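Colleague: For what it's worth, our numbering labels the leading residue of the sequence shown as 1, then goes sequentially.
Hints may contain errors.
[What the hints assert, rightly or not] Here are the simulated EDC-like cross-link-like pairs (lysine to aspartate or glutamate), alpha carbons at most 16 Å apart as the crow flies: (1) 14 / 25; (2) 38 / 53; (3) 38 / 25; (4) 109 / 76.
Worth flagging that the hints you see were computed from the coordinates, not collected in a lab.
Keep in mind it's a predicted model, so treat the numbers as computed, not measured.
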Amino acid sequence: MFPVTQPLAQSENKALLFQRLGLNERDPRHRHLYSLMKAEAIEGWSRLTARRDALSPRLQQDWSLEPPYTFGQIDEVAFQAEAIYMWHHAQASTRTIYELGQHSKGDLKDNWIIRWLLWHVFRYRDDRNRIHPNLRQVAPPLPQSQGSTAAHVRHENPVRFWDPVREHYRD
């Protein structure tokens with residue numbers, strides 16, 4: 001059994017997470033391990049934000065809500081269940097790190113490291129997804145010489161955004 005480390009507030013940054021876990025941000029092996037943990041958190045985010053039953057009870061009958069759901073819309077019980085699921089299905093390398101954050105309160109198990117990772121995925125996805133990706137823009141009229149009868153053409157305006165979890169720009 002690994003020693004459990006003191007929990008880190010979810011709002012703390014990655015540098016403090018690395019420090020708390022005894023990892024070095026300059027070490028490529030540690031960065032790779034962090035990337036694996038992020039990938040598992042992205043999968044957890046995908047599962048949580050796609051399931052209506054993960055919504056808080058007061059929102060489950062609000063049919064105007066569509067996935068992906070935000071952190072504030074997810075029920076704490078569903079969030080915790082996903083953290084437990086992630087711990088049980090983690091790769092051997094990431095589970096070694098997760099062991100540092102595993103603690104129990106009676107029958108209730110929790111993992112502050114997985115919660116931190118999930119929260120950060122939600123935080124970045126919620127903030128970035130507030131930009132409406134389906135914004136439409138009206139194009140100027142086509143010149144008559146092109147033979148078009150349409151006065152305006154509607155098209156989707158692709159919105160690129162930085163995905164800090166995957167560490168690259170996305171459409």
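Colleague: Which hints, by number, does the structure contradict?
Modeller: Failing hint: just 2.
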